[in-house]
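Novice: The chain contents come next:
There are 2 protein chains.
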Amino acid sequence: MNTGELVELGQQLRVDSVRASAAAGSGHPTSSMSAADLMAVLLANHFRYDFDRPAHPANDRFVLSKGHASPLMYAVFKAAGAIDDEELLTFRKLGSRLEGHPTPRQLPWVETATGSLGQGLPVGVGIALSGKRLDRTGYRVWVLCGDSEMAEGSVWEAAEHAGHEHLDNLTVIVDVNRLGQRGPTRHGHDLDAYARRFQAFGWHTVEVDGHDVDAIDRAYGEAISTKGQPTAILARTLKGKGVTDVEDREGLHGKPLKNADDAIEELGGTHRNIRVEVHEPPAARMLHAVPAGHLELPRFEKSGSAQDDKGVATRDAFGQALAALGSGRGDVVALDGEVGDSTRAEFFAKEHPDRYFECYIAEQQMVATAVGLAARGWVPYASTFAAFLTRAHDFIRMASISGSGINLVGSHAGVAIGQDGPSQMGLEDLAMMRAIHGSTVLYPCDANQTAHLVTAMAGLEGIRYLRTSRGESPVIYGPDEEFPIGGSKVLRSSDQDRMTIVAAGVTVPQALAAADTLAADGIRARVIDLYSLKPVDAATLRQAAEETGCLVTVEDHRAEGGLGDAVLDAFADGRPVPRLVRLAVRTMPGSASPDEQLHAAGIDAESIAAAGRLLVEEAIVR
Amino acid sequence: MNTGELVELGQQLRVDSVRASAAAGSGHPTSSMSAADLMAVLLANHFRYDFDRPAHPANDRFVLSKGHASPLMYAVFKAAGAIDDEELLTFRKLGSRLEGHPTPRQLPWVETATGSLGQGLPVGVGIALSGKRLDRTGYRVWVLCGDSEMAEGSVWEAAEHAGHEHLDNLTVIVDVNRLGQRGPTRHGHDLDAYARRFQAFGWHTVEVDGHDVDAIDRAYGEAISTKGQPTAILARTLKGKGVTDVEDREGLHGKPLKNADDAIEELGGTHRNIRVEVHEPPAARMLHAVPAGHLELPRFEKSGSAQDDKGVATRDAFGQALAALGSGRGDVVALDGEVGDSTRAEFFAKEHPDRYFECYIAEQQMVATAVGLAARGWVPYASTFAAFLTRAHDFIRMASISGSGINLVGSHAGVAIGQDGPSQMGLEDLAMMRAIHGSTVLYPCDANQTAHLVTAMAGLEGIRYLRTSRGESPVIYGPDEEFPIGGSKVLRSSDQDRMTIVAAGVTVPQALAAADTLAADGIRARVIDLYSLKPVDAATLRQAAEETGCLVTVEDHRAEGGLGDAVLDAFADGRPVPRLVRLAVRTMPGSASPDEQLHAAGIDAESIAAAGRLLVEEAIVR
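Listed in order, the protein sequences are those of chains G and A.
Each residue of the first sequence is one higher than the one before, starting from 1 at the first, in my numbering.
Each residue of the second sequence is one higher than the one before, starting from 1 at the first, in my numbering.
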């Protein structure tokens, strides 16, 4: 398109942003108007995309990091012919796929859900990495950021990653409209301030008037021709550009225009019906090659007894199983936050270096990269200490809104890590992961179980979480045992059971030992290994409750949100609820040996047996 | 100290780091050895600190951001005479205050718990802000970082904040030993790479050989004399410096030295007993001035009925109460993540601009600043959308390890926000905050309740969380009603109650309406407003269970970790558990009006009444 056409297209995008927000009675028209010219030039002259075939492997990818500017995105979809005007005006209404902030749930042209600022660029980096290292179909990744979100550390985590990886297929456009939600940003219209920062992280930068379509056009050309570096285009814009009433004014963030009709008239009215013929992507194979191999899971020999001190750490089993899965499935990729020697992701890295992504100590970027890779059809496993996954909580939350299929693995769970102390202990991870919508939460207790669950995760929907342990634990299952998601294992059972101990992970051997102690006292206890915390095996738990009357739950996790709560989920539909005692970590641990930690937290065999004894004797009640 | 003495002191710190780790059988001696000379020069020549009076208002403050180098910190404490050699060798043992990673729980010379990388500098920025804007006793803040943690976005979030605030009382020392946990860092020994980044964020930088004590000494002098900018000292060091076997070698992170005796001999043996006379801080008032004012809480008029659509939003009540609290208490400060117009923290900002900290869109830095301010005796309230507090989860977790007393306020909770969609909805915040050790979790339903809880929070220990709502809600309590922490309010009660509805926040008016509907059907329902989710009012819940037989819990939050689980906590000690049904948000919401959202999620009055009816009729069971 030429200058005049681009200007008109920009105005159309503004008009449609104003109209959509007015129809909704809410939304962010002014944040859309500042970036309208930037989007007009991108759509008309540089973006290569087949809107009829969003899965086309060579399609460019666009991420709206400033997700509140969704009216602009939907106006672009309309200009590209992907949606019609009628649908545009369903914006933010019940049942509309044009949500307040874009999600890919029903919109195939949206790569990832945005709306939590500072996440679009990190996910864009993940997609660009996929393009550069795996897909290699030549697509470019374009990310539109706001200036306010430059305050998020995750933006610079991403900038560091992109610079280090020389992602010259990535362009970020920063819509520097100088106004955040509540007032001016830190740097106002100082484009140099942003340029210096991006340059320091190894980026090429271009400063441009974001309302000069020719200058924008040249800037995009410069970005495309820049080799060996990602490019940041810093565009000076005005919030609410084009409407005198609102242009460059504070206090209007996130509000539809008061006089929408006047504004539309000032923007040239609704007569335009520009339909952009978007550039086609180049021909490319429809799917990246995924060579199928032979899946041979590691097999671990059963320990002599369930109380063996020696055995295999579940983190070791995870690493071995992941490496094997990588051999069996060409679409499996792995990422780690610079602790691969601890999580054992390094086993995968050694066997499949081409599909391994070192994320350094940057958990937000690690999860964002996983989301980006998943968006391109890969099956990512991202690992770090369970404790440090809390760093990426907001990214995991947003990934669930995207419907992203990613595997997260948290090692060094619980007080059982021993001497390192609470900063390294995952004690809140189960609560975090269980509350994520549609998540799967797994916590294996032995090596064979771990290997099976690692494999099963690959085939699930949504966010899947595996919790692993640092220390060795006895191998209590044979290598051919099966562990369905949503299942459990009844490890001790008799028709004389007077109680049930429900455990998972490191507390399973403790539960077995406690059951032995109780049996010696004449109290038979059922023991359930609840390796699938979500979904939970309600049937087995209900049966145990009916048959044994009461439960002891025991977990190496805080009392809130973990195994105990998962067990109670099976009884939240109005049925009778069994009496129960919940053993969990209720104090702040310090440094001590693993055994001392379990004992101090009251989750070792001795504590379980004591609780069980009291519960059965009902002495514990009041 | 002169050159020779400093060199000797550095060697002593190395020897003691090796000894402590050897005695523990774990720990990070090599990460301690790289920074030993940096710490020797700081302690002997620049740090102004009275180890006998850690609360001295003019003491410099030191933060070990690379918390795994704890042996070095404890060796420094020994050199300063704060601990003796016997205690040094208790490192990492059960009951020792010398934990694997430092915490201030029992060590008054530790400002904040570290061990999750990338958090020490952000907290240091908070302390430096306190020094610059509030305390004004002239202290300096020194932060020792590792080079690996430079990959964390939170470091650059902090760098941006410190540069923007011109924190020339802050010095960060980066121990660039080029080796992370699993291998080389991104930038190895390229000091310039780090310098460029810090400079871009407005810092003064000094590059130095981290084993040349005279150069280090000059660098510290330069940092102290630099005005208007924070200083970053980038020190080229060798991991394991001083011991041939381990110096600059990979694969030795986090491991005690194999041949500790040989290493100690190579380092000159244990003969040194250098005791450093640390420079005294200048005289200063012992406490920052906290003028007491008159606390006059806002008073809100009761609505005509509990089903009034109009009323007062709890976020408005929060803002007004916080502003009033700021007038009554001079030690209260407020922070917000650039959404103060939404959270209503702006009400405080307008009345108390000197005690308001704009954190821009940087939730990690916001929480870290709060931790830093709390460490200096201030009472911070930090607010943003509840959803975006997940961004700071790891910081909140670490704050609880510090025993930090901070108030967090999350607005825009739940699906009740309406059109903005799931990215803006706090639906996991209660799960996150309840699982934090020692936390208090409050969720008011009306304006007067909010005002009282905002005030009560100030006097609590640990992490306190208040959840507020976007929309208006009826004022159901009078302004003189009392709301003890750990309490609840029984809003409907009779001796014919056949069930109890437990609600909080936006579901309270829904519960009352449901009770009316049920009453019309001849089913009397008790209604409990469970405004304190943690601690929970176990006595009232237990009484309701006994008297009414069954419960419906209803919450604008995910089913995991929120109100339903809080209710069940009252029955986790072996006593009989009532039958219950839990209503919560179990789908992924889109955009819709608040009422449509509550209905779609099944947490409105109609859904509650339906669930109650089924529960009482026991039709719901199997």
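Be aware that one or more of the hints could be misleading.
Copies of the same chain are indistinguishable here, so a pair counts whether it falls within one copy or spans any two.
[As the list claims (entries may be wrong)] DSSO-like cross-link-like pairs, simulated, lysine-lysine; straight-line CA separation at most 30 Å:
| no. | residue 1 | residue 2 |
| --- | --- | --- |
| 1 | Lys350 | Lys255 |
| 2 | Lys310 | Lys258 |
| 3 | Lys489 | Lys227 |
| 4 | Lys350 | Lys489 |
| 5 | Lys258 | Lys489 |
| 6 | Lys132 | Lys93 |
| 7 | Lys302 | Lys227 |
Honestly, the hints are just simulated from the structure, not real lab data.
Novice: Each hint should be assessed against the structure and marked as holding or not.
Specialist: Okay, the hints, checked on the actual structure:
1. Proximity of lysine 350 and lysine 255 under a CA criterion of 30 Å is satisfied inter-copy only: 22 Å between copies versus 53 Å inside one chain copy.
2. Taking the shortest Cα distances, lysine 310 and lysine 258 sit within 30 Å of each other only across copies (23 Å), while inside one copy they are farther apart (71 Å).
3. Taking the shortest alpha-carbon separations for lysine 489 and lysine 227, neither the intra-copy value of 55 Å nor the inter-copy value of 65 Å comes in at or below 30 Å.
4. In this homomeric assembly, lysine 350 and lysine 489 never come within 30 Å of each other (Cα to Cα): the closest approach is 34 Å inside a single copy and 60 Å across copies.
5. In this assembly of identical chains, the alpha carbons of lysine 258 and lysine 489 never lie at most 30 Å apart, being 62 Å within a copy and 42 Å across copies at closest.
6. Taking the closest pair of Cα atoms, lysine 132 and lysine 93 never come within 30 Å of each other, the shortest separation being 38 Å inside a single copy and 48 Å across copies.
7. Proximity of lysine 302 and lysine 227 under a CA criterion of 30 Å is satisfied in neither setting, with 54 Å inside one chain copy and 66 Å between copies.
Going down the numbered hints, you'll see the structure goes against 3, 4, 5, 6 and 7, while the others check out.
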